[in-house]
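For the sequence shown, this note's numbering gives the first residue as -19, with consecutive numbering after it.
These are computed hints drawn from the structure, not numbers from a lab.
Be a bit skeptical, because a hint or two may be false.
[As the list claims (entries may be wrong)] Derived CB-CB ranges, DEER-like:
| # | residue 1 | residue 2 | range |
| --- | --- | --- | --- |
| 1 | Glu32 | Met111 | 16 to 26 Å |
| 2 | Cys96 | Pro36 | 15 to 25 Å |
| 3 | Val107 | Glu35 | 30 to 40 Å |
[Said to hold, decoys possible] Mimicking PhoX-like on lysine-lysine, the simulated pairs with C-alpha atoms at most 25 Å apart in a straight line are:
| # | residue 1 | residue 2 |
| --- | --- | --- |
| 4 | Lys95 | Lys83 |
| 5 | Lys83 | Lys118 |
| 6 | Lys51 | Lys118 |
As the structure is a prediction and not an experimental result, all values here were calculated from the model.
For each residue, glycine too, the CB sits at the ideal point set by N, CA and C.
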Amino acid sequence: MHSLLQKLGKEINRADPINNRRFLTEAEDICDVLTDNTGTKNTLAMYLNMSEINEPLSMDENSFQRMRNLKLLHFYKPWWWSRETGKGRLTLPDRGLHHFPRKLRLLRWDEYPSKCMPFNFRAESLVEIRMEYSKLEKLWEGTQIGCSI
């Protein structure tokens, strides 16, 4: 039953133009949105299986700029996926990300490629964070006010 509901939800979601979609789940769509900076305030969730990315994805510093209502950011690799292949890699710009979504409730980003979160990262709404196999050394500077983690 669960998989049928997932399939139905994906079909309903796919019927909308990409700029009206609230949930992005297809790797190709997510890659296009992140590289072309075409996300919108309608986007509530991004759910990316990184093993479906065939070439390394280079994100722009403004990739999340228009996605101010994003609540779920889930970039994951399945347990069986080899982390040495080079496939499914995301790279961030040297200056890092700008305009990181402030309304995030759930953040999961396997193999997060940077040593620290973006300078404007705020955890006021965050209730869960998972950064497995990441290069993170520090989440943020100082105290996060209103943090629910």
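Hints and how they fare:
For glutamate 32 paired with methionine 111, a C-beta distance near 20 Å keeps the hint of 16 to 26 Å intact. For the hinted restraint 15 to 25 Å between cysteine 96 and proline 36, the CB-CB distance of approximately 21 Å keeps it satisfied. The hinted range of 30 to 40 Å is satisfied by valine 107 and glutamate 35, whose Cβ atoms lie roughly 33 Å apart. Taken as a hint, the lysine 95 and lysine 83 pair is honoured in the structure, with Cα atoms around 22 Å apart against an allowance of 25 Å.
For the hint linking lysine 83 to lysine 118, the alpha-carbon distance of about 20 Å falls within 25 Å, and the restraint holds. Between lysine 51 and lysine 118 the CA atoms are separated by roughly 22 Å; this keeps the pair inside 25 Å, and the hint holds.
In this structure, none of the earlier numbered hints is contradicted; all agree with it.
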